[in-house]
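Here the protein sequences come in this chain order: A and B. 250 is the number that numbering that gives the first Met the number 0 gives to position 251 of the first sequence; each next residue is one higher, with no gaps. 109 is the number that numbering that gives the first Met the number 0 gives to position 110 of the second sequence; each next residue is one higher, with no gaps.
FYI, nobody ran anything at the bench for these hints, they're computed from the structure. Quick caveat, the model's predicted, so the values are computed rather than measured.
Incomplete in silico selection of chain A near chain B, CB under 7 Å:
| id | residue |
| --- | --- |
| 1 | S21 |
| 2 | A31 |
| 3 | E45 |
| 4 | A49 |
| 5 | T169 |
| 6 | R239 |
| 7 | R240 |
| 8 | T243 |
In this text, a Cβ means the ideal position worked out from N, Cα and C, and glycines have one as well.
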Amino acid sequence: MTLLDRHIEFLDALRGAGLPVSLSEGLDAVTALGLIGWTDRQQVKEAYAATLVKRANQRATFDGLFELYFPRMVGSGMTPSLTGEAAAAGVAKDGPEALEEFSSRLAEALEADDVEMLRQLAAEAVARFGAMPGRGPGLSSWSSYTALRRLSTDELTARLIEGLQQGGWTEEEAARVGTRRMDRFAGLVEADARRRIAEEKGPEQIAKIAVRPTIEKLDFLHARRADLEALRREIYPLARRLATRLTQEHHARRRGAVDLRRTLRSSMSTGGVPVDLRFRPKRPHRTELVILCDVSGSVSNFATFTLMLVFALREQFGKVRAFTFVDEIHEVTSYFKPGADLVDTMTELTKATEHAARMGRTNYGRAFSLFQERHADALGPKSSLLILGDARSNYSDLAVDSLRAMADAARHSHWLNPEVRTQWDTGDSEATRYGSIIDMRECRNLTQLSEFVHDLA
Amino acid sequence: MPSRTSSWFSSPAEAVTRLGDVGYLADDSTALTSYLAGALEKPVLIEGPAGVGKTELAKAITRATGAELVRLQCYEGLDEARALYEWNYKKQLLRIQAANDGQAWEETHDDIFSEEFLLTRPLLTAIRREEPTVLLIDEVDKTDVEVEGLLLEVLSDFQVTIPELGTMTSTRRPLVVLTSNATRELSEALKRRCLYLHLDYPDADREREIVLSQVPGLDDKVARQLVSVVGRLRELELKKAPSIAESVDWARTLIALEITDLSDKAVADTLGVVLKHSSDVDRAVRELRLKR
Ligand SMILES: Nc1ncnc2c1ncn2[C@@H]1O[C@H](COP(=O)(O)OP(=O)(O)OP(=O)(O)O)[C@@H](O)[C@H]1O
Ligand SMILES: [Mg+2]
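Chain A extracted, bound-state conformation (with noise of 0.2 Å):
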């Protein structure tokens, strides 16, 4: 295969995974390479980067496909010293001792937070732990799963932990980066279980399926531990951008009529000549809102996230009262004080599902009655109410009745659905009766929620 080839088939990788990788930027990436040549395999990168990627959050999935298309190497990632090492301490390839052998060898490197070595070490340990030989045709020969769990992942996690502890770290601290260290060695050894197996089958295959969404578009309901730190990261950031985009609609939109007054007063300057028209200020409505949110089991990160991000958004509503239930409701409005600390209140969130429970069983209809029991007082003609759920209510009682009157109401209801619009109706989701009651929306990953809450202030 010539390097066009290749460039040509990477370029629709990434366009697979959700670049908008144009032509023109294709050919930049050619003159690009053309002007540094193909000998540094990181200049390479950095150039296809620098003329392709236009995204920070876009960088993920662009390192994983070029890892893919342009490999480090080829084979079996055994680097001759290393093997030489192994051979000369009198240690097979595989057995107890080349495990030890190999554990502390990435101890090592993981305490010194050494990202190449861990690189060559993920290979060799896909080399050494990871291969499956034997299975039929058609079935991947490598797997990241076996090699990770011969390494007794945790062990070697606990063990970080403590050294960075002894290191002077406090013990949250090092927790949390020896978490994340040992995750993303997980990461390394993933991918390249992925590029022996692309070796053999070609790397399309591999790029639809392994390739991870970008965070924006990453399923709630399927993000991972590392997945909910960068989803929280991206909070704030994300809602700084709303902000910025609101104010400036309502900017524009705020001018009224032309005030004759000052237009005339900023003339004199130009001799009369009225060159500056001036606007009158047009009053801003705000919304009030009213949000309910199922938190129970896989649903709750939606609801967590959604809260933040409206919170975060504060000054762009004009009230916000928040609820939580599962069987039970709970007021959390109060968990949200200004310049509170997110983690900190996510914190707080999580711990206060518990007054949200009483058995346990997402009761959708029960929420709903409680609610016009307790704080019907909260909907009036000027609140927006949204609810946020899968609508999956363990085939209880429904209580339409109490969510035709609340959204009755309200000025405004939205429902928003955290699960693929395919899943809705099966088992015990009502999504087309709630749906017929208060209009529901597929809300799966954070493009979706920000284009909501963009529309809803």
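For chain A, the structure is supplied; the task is to place chain B with the ligands on it using the hints.
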């Protein structure tokens, strides 16, 4: 397409050296992008958190290449008249009033729409300059969408048409650097025309070098301690993580206070220089277990 040889960098390696000579310590991707900007004659869009050296990079390229800096500072409400050019109304009015009755209107008209009455703003200035120029369009995310449209036009063909004077085309393209804090998403069209560089916090070694180079007299041991604490603070999900600028400020403070060992107490006492929100200070004190 690249044209005649210019005075920009001749290779990424040379960019590292020459930027280093003027006090900017560039990593590989920064050096490569700075090189490509000149060689491909394409604008560079630099995004990243506050205080990581976006603006400074444009200035450093200017110093390193002996060019001159033309700066367009963006803000909400910036318009064409401030960015590109405008006619000097007052002077024109005076000229009209002063015209004697005998003069034909056509003549006066040609007169008042001449070079003499033109107020040149940064974009036009950069296009008309014949010497090497770095055009810095700073904090472009603060502008309105209309200005982005204007930038798109100007950065596509580096020419400006003034109805009364004709079309002005740049004879020597400026090297254009746009910076943004990403407070809003810029249009795809603008991004397509630019190379992209995401600047982030530097690794500990580079940051130490930067701090040491900007704060002479700082002890190497203290520099190490400082950079390590700053790194730990950046892990904490604060509202405003400390930037390079804050590291430098902190180093200056330590010198002024004659602190020669960054103990937990010293950190706690001076944390206000580094963190701007009180909830961030609280969080840091708690998580780093600082005693006050
Ligand atoms: N690589 C570097 N080498 C030397 N100094 C640097 C470097 N990066 C940053 N600095 C220092 O950091 C300071 C802050 O940088 P600068 O003002 O350019 O930040 P910025 O990214 O433009 O921030 P903002 O988004 O707030 O405008 C500069 O004054 C400079 O002294
Ligand atoms: Mg700046």
